[in-house]
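Chemist: Below, each chain spelled out in residue letters.
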Amino acid sequence: MGCLLTRPRYPNEMLAQMDSLGVGSLSIVILTGMFTGMVLALQSAASLDVFGARPYVGRLVCVSMVRELGPVLTALMVTGRVGSGMAAELGSMVVTQQIDALRVLGTDPMRKLVAPRIVAGVIMVPVLTVLSDMLGIFGAGLISIFNLKLSWEYYWRSVGNALGVNDVVMGLVKPVAFGFILATVGCYMGLATKGGTQGVGVSTTRSVVVASVLILASDFFMTKILLIVFPVV
Amino acid sequence: MSEIFRKIEEATRDATERVTGSVAELLGVPPQPEAPTPERALDAPVVSFRDVHLSFDRPILRGVSFDLYPGATKVVLGGSGSGKTTILRLILGLLQPDAGSIRVDGVEIERMAEEELRHVRLKIGMVFQEGALFDSLSVADNVGYRLLEDGEPDATIEQRVGEMLGFVGLGQHAGKSPSELSGGQRRRVAVARALAARPEIMLYDEPTTGLDPITATTITDLIVKVRDLDGVTSILVTHQLRDAFNVARTFVRRDGDDFGFERIEDLKILAGTEFLMLREGRVCFEGTPHELLSSSDVYIREFLS
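Residue numbers (my numbering), protein chains in the order written: chain G, 1 to 233; chain U, 1 to 305.
Because the hints were derived from the structure by calculation, they are not lab data.
The model shown is predicted, which means the values in this text are computed figures rather than measured ones.
Worth double-checking, as some hints may not be accurate.
No more than 16 Å apart at the CA atoms, straight line, and that leaves these computed lysine to aspartate or glutamate pairs for EDC-like [stated by the list, open to error]: (1) Lys-194/G - Asp-57/U; (2) Lys-74/U - Asp-228/U; (3) Lys-112/G - Asp-100/G; (4) Lys-74/U - Glu-200/U; (5) Lys-112/G - Glu-149/U; (6) Lys-112/G - Glu-114/U; (7) Lys-123/U - Glu-108/U; (8) Lys-112/G - Asp-150/U; (9) Lys-112/G - Glu-115/U; (10) Lys-176/U - Asp-135/U; (11) Lys-225/U - Asp-257/U; (12) Lys-225/U - Glu-262/U; (13) Lys-74/U - Glu-286/U; (14) Lys-225/U - Asp-258/U; (15) Lys-176/U - Asp-141/U.
Whole structure, please, built from the sequences with the hints as guidance.
Modeler: Next comes the structure, spelled out in structure tokens:
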């Protein structure tokens with residue numbers, strides 16, 4: 001926190017990280033969100049048909065995407081792509097003594113390397129999540145219309161009726177925490193690298209595993225708390 | 001109109017500083033420390049170790065003591081794992097000793113916080129074993145890194161980078177990436193980067209390891225140039241005896257704008273370079289090159305053979 005409030009700050013480094021984490025992850029987030037929404041529509045329609053409730057597909061997909069699947073899947077995909085990259089990059093800098101060189105040249109690696117990555121994670125993961133949610137709902141809409149034979153208007157009306165303030169809050173609070181977790185774990189594992197190039201591989205793998213488990217575990221606890229604060233009516 | 005813009009800019013900067021300062025105060029962020037004031041007399045040691053101990057899973061240094069005086073060069077010799085590089089890391093504050101005292105430019109550094117150490121490190125230039133150049137930056141940006149961090153104007157940085165790359169003979173490689181350079185060129189860029197901010201002390205960590213003898217000589221010549229032309233105090237860590245003696249025997253004499261290398265074969269008359277040998281974390285020899293060659297110690301004889 002002190003790194004963000006006191007000088008020197010590295011705004012260019014922050015922008016570069018936001019570009020790498022946000023713009024660089026667009027393609028995988030678009031594909032993941034879209035296909036998740038489409039699969040969710042197919043699966044939920046199969047289950048809802050048993051009760052003759054196919055028209056509720058939009059409502060079900062929308063709530064599932066915004067509350068859970070959008071934030072969690074986006075965070076896991078970004079962890080795989082960017083969190084591992086952070087650990088590998090910082091780990092390589094450790095084993096080639098570049099981190100020591102930074103310190104010797106008067107630069108605090110926490111300010112120069114860690115703080116911009118955490119800021120990028122906290123800002124860009126929510127943005128990517130919103131995009132993933134939108135594309136998931138859109139993908140499910142395509143399946144509902146062309147495969148499940150629901151009307152376009154009816155689908156979007158059920159989506160609109162399903163979304164409440166508590167869904168939006170839950171869908172936006174979680175990715176902020178997930179962004180913080182994946183960036184912090186990636187940086188920590190990278191900077192804690194020991195044992196040469198083999199150690200870089202170990203740190204990279206460990207960062208993905210630890211961040212993924214922490215994201216899923218924190219999702220449970222955040223859901224529990226948010227359901228108490230914002231109960232489903 | 002420009003005066004108005006200048007005043008607006010100043011007012012915005014002051015307000016930002018005040019707000020950031022207040023928030024930092026509220027959150028308990030410690031204020032930036034002042035630079036420690038040196039207490040060193042002019043003829044006192046620039047670097048001083050007193051009974052320094054350090055252990056990890058095994059003892060690394062066991063009671064190491066030595067002094068490095070202004071303008072002198074200390075060559076630290078020893079086998080692998082004898083604690084040579086650890087000495088440099090301790091001087092830079094990258095490691096903290098378990099016991100003992102380390103003074104750099106008259107200031108005790110062994111219990112200093114990271115922010116305070118920054119002021120000490122600004123006086124030191126370090127050349128890492130493999131160069132440790134930043135892969136993401138060009139050669140010129142690597143050399144000018146510290147000046148850029150210090151907020152120097154672009155024109156000053158460009159001029160100094162040009163001077164330094166010229167000094168190490170790599171002026172034509174400024175725009176290249178470090179990965180495009182050979183091992184020897186990377187070390188020379190590392191020397192240029194360390195020298196760019198005009199350090200008072202230079203530390204070299206095995207700068208010739210893995211280089212062929214001719215390239216190694218270009219590096220040792222560079223070390224000699226830094227010592228004799230700029231008068232920089234230095235510590236050279238190496239296990240290459242040939243390079244250690246090269247540094248001790250070679251001198252640079254300035255002749256107007258030119259300079260020339262001079263090699264002295266008679267070790268007895270050499271001055272300015274002192275050898276220190278480590279064995280299993282202890283100082284087993286400290287003296288002149290001639291005294292090292294005359295030593296009857298079994299380990300030293302074996303090391304020299």
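Chemist: Hint by hint, work out which the structure violates, then give me just those numbers in ascending order.
Modeler: none
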